[in-house]
Structure formats: structure tokens, C-alpha cells
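Build out the structure end to end from the sequences listed, making use of the hints.
In case you want the letters, here they are:
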Amino acid sequence: MVKIQSEKALQLSRNAKESFKLATALVSVYAIAMGFNWEKPFWAGFAVIVCSQANLGQSLNRAILWILGTLFALLGGWFIVALFPQDRWLFMIALSLWVASCVYFLQRSRYQYFWITCGYVILLLWDATGGDLSISYEEGILRVQESLLGIVVYGLIAVLVWPNCSRGELDKVSTELLEKQRLFAESCFNRIQKQEKVEVRPDKRVELLKTDTRLRTAIDDASSDSYEIWECRKQWNHFGYRAEAVTQSLLKLEESLALSSELGVSKYLSGVSEYIEDVQHRFAQVKLAISGGELADTAGERNVQGDVEKIKELSTFQTAALAITRRSLNDLEVETRSLIDSANDIRRMGRSYLNFSDEGGAYWLGLLMPDPDRLGNVVRVLVGIWIAYLAYLFVPGMIGGLLVVLLITVIAIIASVSPQIRLFETCIYTILVCLMSAPLYFFVMPKLQGFYSLGLMIFVWTFIVCYFANRAFGAQSMIRTLVLIFPQIIFNFNDYQTYSFVVYTNYIFVLAIIFCILAVSRNIPFTSHPERNFKKNVNRLLNSSACLILQGDIPEAKRHSMLYRLYILYHINVVFIAYKCILYWMDGIDKSRIKGMSRYQMDRVISLLMLIANQVKILYRIDKSKMNFVAPKRMLREAFIWRCLAGKILFYLSGKKREVHIDSLRRGYRRIFHRANVDVNELMEMGGYSEKSREGVSNFLYFLGVTHCINNYLAELFHLSESLDWERFCEERFL
Amino acid sequence: MEKIPHDVSVGGFYLSPILVSGLLGVLAALLTARLLDRFRLSRYFANPPVVIISLSVIYSVFFGVVFVGI
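Sequences listed follow chains A and B, in order. Heads up: the first sequence at position 305 corresponds to 345 in the numbering used here, and the numbers run straight through without jumps. Heads up: the second sequence at position 63 corresponds to 298 in the numbering used here, and the numbers run straight through without jumps.
Any given hint might turn out to be false.
[What the hints assert, rightly or not] Each computed DMTMM-like pair below joins lysine to aspartate or glutamate, with the alpha-carbon atoms no more than 25 angstroms apart:
no.	chain 1	residue 1	chain 2	residue 2
1	A	K244	A	D318
2	A	K575	B	D242
3	A	K220	A	E247
4	A	K631	B	D272
For the record, the hints were derived by calculation from the structure and aren't laboratory data.
Put into C-alpha cells, the structure is as follows:
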């Protein structure tokens with residue numbers, strides 16, 4: 041027992057191992073670069089620091105993207121130089137356009153590091169040649185050579201010393217997600233069987249969505265560091281998409297059951313018990329296929345049908361609630377069937393993913409669509425670069441010179457991926473670590489005899505800084521990268537080492553200047569205050585939801601115009617990414633200092649917004665032509681009035697007053713519930729005429745169910761927003 | 236009451252006057268910012284980070300001229 045304990049005590053933590061690997065890699069690259077007498081060995085060190093990530097897959101991914109980005113930036117740089125060799129301003133404008141497009145794409149890209157490297161390497165080469173409007177071939181090649189050295193050395197160390205492969209993480213996350221989905225479904229099914237009321241559980245929903253995101257990351261990482269996963273990466277990606285679709289179906293099911301569970305769903309829908317048993321069996325089978333390596337039993341098609349005679353006894357709202365539950369159950373059945381196929385594909389290298397050609401569509405839509413947040417970040421980066429460049433040109437003897445332009449570009453580009461970071465905190469920590477490096481620079485380095493002692497110093501310094509930065513900020517934080525990089529710039533290890541107090545203080549001043557310029561640029565074109573951006577995204581989501589709800593009654597001729605399609609795509613994109621954007625800004629809010637609302641209220645607002653966004657997505661997808669085929673004019677008119685009122689309320693909540701008097705809106709808001717209460721009995725009769733009319737009736741009932749859900753969520757959000765002080769919440773603060 | 240520029244000795248370490256006044260200026264600006272936050276006055280400023288920088292410069296010059304000597 042004592043022996044086991046002492047063995048455990050001797051084991052190094054993962055953080056210590058990663059710090060050791062980084063320190064060893066850094067010492068090795070400096071030894072090689074200085075041994076070959078290469079200029080600027082810092083570039084190799086820079087590559088090592090940036091490539092060192094939480095696991096092997098992430099490190100290798102970054103390494104590949106780094107080298108591709110460098111090559112692409114080199115080509116771009118030479119092209120711009122060739123176009124504008126003699127004109128400083130045109131050259132700078134072309135450079136700005138290049139950086140702007142990189143910043144724009146990086147914010148929604150899967151290959152963020154590629155775009156980051158593309159963005160700043162071009163300036164790095166320009167800086168290396170003294171900003172003389174030429175990006176020399178030699179400098180470019182040297183940069184690639186040293187980056188490659190850093191990547192190869194770190195890659196070898198990461199693979200050979202305590203490799204932290206992502207394969208285990210992938211197995212763990214996929215099993216975890218399947219188990220969470222199974223439990224989520226089980227809890228919904230239990231309520232159906234016991235006829236208990238189902239309540240939407242925001243914490244469980246967020247947990248499911250987060251695990252989904254983790255699975256996507258784990259698939260990407262494991263594809264890079266595991267040959268087995270690389271071989272069947274398409275199957276794994278397909279599995280990721282299908283698992284996401286199952287999660288969405290489960291969320292929809294819970295939302296629909298919140299309306300219908302008390303009715304006794306199994307009384308009105310036939311074959312629910314068999315359905316439940318079958319779906320639970322499917323979850324168990326998929327889990328077995330993923331964790332146990334066996335093939336899952338192929339599932340047959342199953343369709344839950346309503347008992348028309350019994351349903352006629354129900355009110356309109358109840359019928360609608362039942363319609364939406366039925367659709368959700370059938371959707372879940374389809375998605376679990378695809379999930380089984382995707383899990384089996386992994387085992388037998390199947391190709392069922394070929395039937396889902398639109399899986400990456402949302403990604404490309406998001407990448408290319410205009411997004412105000414992304415455009416804002418582009419402006420911030422450009423303002424930073426131009427302030428620094430104009431200062432370099434017109435302020436005589438400016439400290440740092442072109443280095444300021446370069447470092448501003450690097451930090452601003454990284455900050456554009458994580459705008460919620462606290463600039464002041466980052467600045468303080470970076471300056472603090474630079475000050476801590478002073479004793480080494482002034483007192484230790486001049487007394488070192490050779491590379492062995494210098495190597496020891498680099499190792500100890502890097503290990504300590506990396507260990508504490510990982511613990512305090514995490515392996516992927518921007519502060520960790522900066523506190524590791526800046527002292528390296530100050531030390532500037534090379535074969536002809538010089539020590540100068542002026543150079544050292546200049547670097548500290550450069551750092552201060554950079555953060556001052558960033559402080560100015562971060563508020564242009566609009567503030568990067570997390571609370572304000574949170575509210576802005578909430579407004580944007582509500583506004584887009586309103587537009588999508590209202591567009592249901594747009595004339596057919598108008599729908600074919602290109603502008604109209606772009607307009608709709610923009611709003612669809614906003615509704616799709618709303619969850620990520622809002623959570624993203626919420627991360628930047630200091631939870632202990634929220635004003636104008638409580639933490640609970642903020643969580644409730646987010647959960648309601650997500651529910652509204654989900655229902656709006658469903659509403660948009662309902663086939664209106666089938667609905668219009670059966671519904672009489674009176675019902676369509678009710679639907680039209682409902683759309684108008686819901687749109688008005690959403691516009692009102694999104695802060696657009698639009699000349700709406702609040703009392704008239706409140707009256708309209710009460711009316712909104714009665715509007716949806718149309719008589720559906722005659723509609724149910726029509727369902728028996730033909731297949732087309734059956735689909736039409738089903739669609740109309742589904743539409744009513746969705747409107748019912750939206751009404752409930754809107755009612756709650758309306759009441760909640762009246763008790764919130766958004767103005768106080770969005771107040772600017774200094775610290 | 237203008238002071239003659241001179242290095243400031245802290246425990247035998249000689250620090251340049253601009254460094255000392257800069258440090259004091261930043262600390263005073265942070266204190267002011269904290270007070271402005273406390274009394275909800277920060278909402279009247281369009282760009283708070285620029286205000287902190289400006290306050291730091293004003294205080295640094297003030298301390299430099301009046302107390303330290305730059």
C-alpha cells in the first residue's frame with residue numbers, strides 16, 4: 041500500500057509532462073539553429089511555443105496548418121510585392137486587404153491556425169526586411185526552414201516522450217455522449233409512460249450540446265494523431281454529424297413533451313411502447329458498436345401514427361401539441377437509424393455518408409455569410425495596424441518601429457478569435473513575466489560559459505513559466521502563449537548575444553505601446569465590452585427570428601429573387617449560430633459582477649432564446665405549400681395574423697421600437713394565443729381524402745404546435761425581460 | 236515646486252524618474268478607475284480603456300513634474 045502511494049507520488053502530472061516536453065523542444069531547437077549558425081533562431085522557438093497544445097492531435101494539426109499558412113503567406117507576400125513594388129500606400133492597402141480577409145475567414149473556419157499564420161507571417165517577413173517594400177526570397181526560405189525545424193522537433197518530442205494521444209479522448213467522449221443521449225431519452229420516455237409533466241432542463245441540454253462540441257474536436261484531433269482514425273475519418277465525421285442530429289432531435293422531443301406529456305401521449309399515438317423499447321435498444325446497440333467494436337443490429341423503419349378518432353376529442357392546442365410530439369418522435373427514429381448506420385460504417389468502412397451530401401453545407405454557409413461581429417473584428421485589427429504604421433512613419437524615432445506593427449498584428453489577430461479576453465489582465469501578466477526575466481537577462485546570461493549552461497537556463501525558465509501558465513490559464517489560452525513568447529523576444533538568443541539595458545526597457549515600452557493601441561482599436565467600430573455584445577447578439581437573434589417568422593407569407597414571385605434569398609440566408613445563419621455567439625460572449629462576462637439581472641435570470645434568458653431559435657428553425661422548414669393545400673382561407677388568415685403579431689413582439693423585444701405602442705402590443709400579445717386557437721376538426725376530416733391532404737393536415741397541425749411552443753416561450757421571455765434592467769447590464773466599466 | 240531630475244534609489248537600486256512617475260501614474264489611474272466604477276460614473280465615457288490611458292499619462296506627468304522631477 042505504502043509502495044503504491046509512493047509510486048503515485050513519484051508520478052508526474054500531465055501538466056508537468058507537457059511543460060517538460062515544451063522546455064526540451066525549445067532547448068533542442070535553439071541548440072540546432074545556433075549550431076548551424078542560422079539567423080533569428082527565435083522563429084524556431086516561436087513555432088515550438090505555438091505548436092505545443094493540450095494533446096498530440098492538436099499539436100500536429102497546428103504544425104501542419106502553420107507550415108501551410110507560412111507557404112501561402114509567402115506566395116501572397118511575393119505577389120503583393122510584385123504588384124506594388126514602388127508605392128508604399130498601395131502596398132499597405134493590399135497588405136491590409138490580405139490581413140482583413142484572413143481575419144474574416146479565421147473566425148468561423150475549422151482551420152483557424154492556417155488563417156492566423158497567413159495573416160501575420162506576411163508582416164513578419166516584411167518586418168524582417170526592414171519594411172523596404174520587398175519580401176526577400178532568402179528571408180522567406182529561412183523562415184520556412186526554421187519553422188519546419190521547430191515543428192519537426194516538437195512533433196518528434198510529442199510523439200516519443202509521454203505521447204498524449206487523442207484516441208482515448210475520442211473513445212471516452214463518444215461513449216459519454218451516447219450515454220448522455222440515452223439517459224436524456226430515457227428520462228423523456230419515462231415521463232411519457234408515467235404521464236408526468238416534462239419540464240425543459242436547461243442544464244442537461246447545455247451539457248449535451250457541449251459534449252457534442254467536444255466530440256467534434258476529438259474527431260479532428262484523433263484524425264491527426266491516430267492512423268486508425270485517419271483511415272476512417274470520413275466515417276467518424278459522419279458519425280459526429282449524426283450524433284449532433286440525434287442531440288437536436290432529443291432537444292426537440294423534450295420541448296414538444298413539455299406541451300403534451302400530461303395528455304397521455306401513448307393514449308393518442310399508437311405503438312408508443314414498442315417505439316420506446318426499440319429506440320432504447322438502438323442507443324444500447326450504438327454504444328456497443330462504438331465501445332465494444334461489434335456491429336450494431338440494423339434498425340427497421342418505424343412510424344408513430346395518431347389515432348384520429350381519439351384525437352378529435354382534444355382541443356386545438358392539445359392536437360397541435362400531439363402533432364409536434366409525433367413529429368419529434370418520428371424524427372428521433374430516423375436520426376437514431378442513421379446513427380446506427382454511421383456507427384457500423386466505422387467498423388466495416390461503409391459509405392453511408394455518401395447519402396448525406398449536405399452535411400458540411402451549414403459550415404460553408406457560416407463561413408461565407410456576412411457577420412457583423414466578424415466584420416467588427418476585421419476593423420479592429422486594421423485600425424490597430426494602421427495606427428501603428430502611421431506612428432512608425434510620422435513619429436520620429438518611435439520606439440520599436442516596425443516591431444510594433446508586427447506585434448500588434450499578431451496580438452490583434454489572436455484577440456479576434458477570443459474577443460472576450462481581458463486586455464488589461466493580459467497586458468499586466470505579460471509585462472510581469474517580462475519584468476521577471478530581467479534578472480536572468482542582466483545577471484545570469486552574461487556569466488554563462490557556453491550552450492550547456494544557456495540550455496539549462498532556457499529549460500528551467502520555460503518549464504516554470506509553462507507549468508504555472510498552464511495551471512492558471514489553460515494550455516490553449518492567449519495569455520499563456522504571450523507570456524512564453526515575449527521573454528523569448530527579449531532574450532533574443534543567438535550566436536552573437538548582446539546585452540543592453542536600453543534594448544530591454546525599449547521592449548517593455550513596446551509592450552505598453554502595443555496594449556495602448558489595442559485598447560483604442562478594440563472600441564472601433566463598436567465596443568468589445570462582453571455585456572454589450574451579449575445584448576447585441578440577443579437582439580440580433582430576436583430580429584432574425586422575427587424576419588424568418590414574417591417571411592412565411594412572402595409572395596412566391598419575390599422568393600425567387602437573388603437578394604431575397606441572400607436576405608433569408610443571412611437570417612438563417614444568425615439563428616443557427618446564435619447559440620455559439622451568445623455563449624461565447626457570456627464566457628467573457630464576469631459572473632460575480634453582473635448588474636441589472638441575476639445569474640439565474642441570465643441563464644433563463646439564454647435558455648429561452650435557444651428554445652425560440654430551435655422552434656423558429658422548425659417553423660421555417662415546415663412545407664407551406666402542403667399546408668396551404670388543405671387549410672381553408674380563414675385558417676390561413678389566422679396564421680398570417682399570428683405571424684405578424686409574433687414578429688412584432690420579437691421586434692419589440694429585440695429593441696426595435698418601430699412606432700409600436702406598448703399597450704397595443706400587450707393587447708395584441710394576449711390576443712396571440714387566441715389567434716392560434718382555430719377549429720381543426722374540419723381539417724382532421726380532410727386528412728382522410730388523399731395522401732397529399734394527409735400530409736397537408738399533418739403539416740398544419742405541426743405548424744400549430746410550433747406556434748404554441750413559440751407563444752409559450754415568448755410569453756415567458758416577455759415577462760422576464762420586463763423585470764430586467766438591460767441598460768444597467770450593458771453599462772460600460774473601466775476594470 | 237519643480238524638482239531637479241534625479242534617479243530614485245529604492246534599497247540601493249537606482250530607478251529612472253520616468254519609470255517611477257509612470258508607475259505612480261498607472262497606479263493612480265487604476266485607483267481613479269476603480270472609484271469611477273464604484274460610483275457608476277464610467278457609463279458616461281464612450282471608450283473607457285482610452286480614458287485609463289489618458290489618466291495614466293496625466294497623472295504620470297503630474298507626479299513627474301511635482302514630486303519626482305522629470
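Hints, verified against the model:
About 23 angstroms separates the Cα atoms of K244 (chain A) and D318 (chain A), which keeps this hinted pair within 25 angstroms; it holds. This hinted pair does not check out: K575 (chain A) and D242 (chain B) have alpha carbons roughly 50 angstroms apart, beyond 25 angstroms. Restraint check for K220 (chain A) and E247 (chain A): the C-alpha separation of about 9 angstroms stays at or below 25 angstroms, so the hint holds. Using a Cα cut-off of 25 angstroms, the hinted pair K631 (chain A) and D272 (chain B) holds, with the two alpha carbons roughly 16 angstroms apart.
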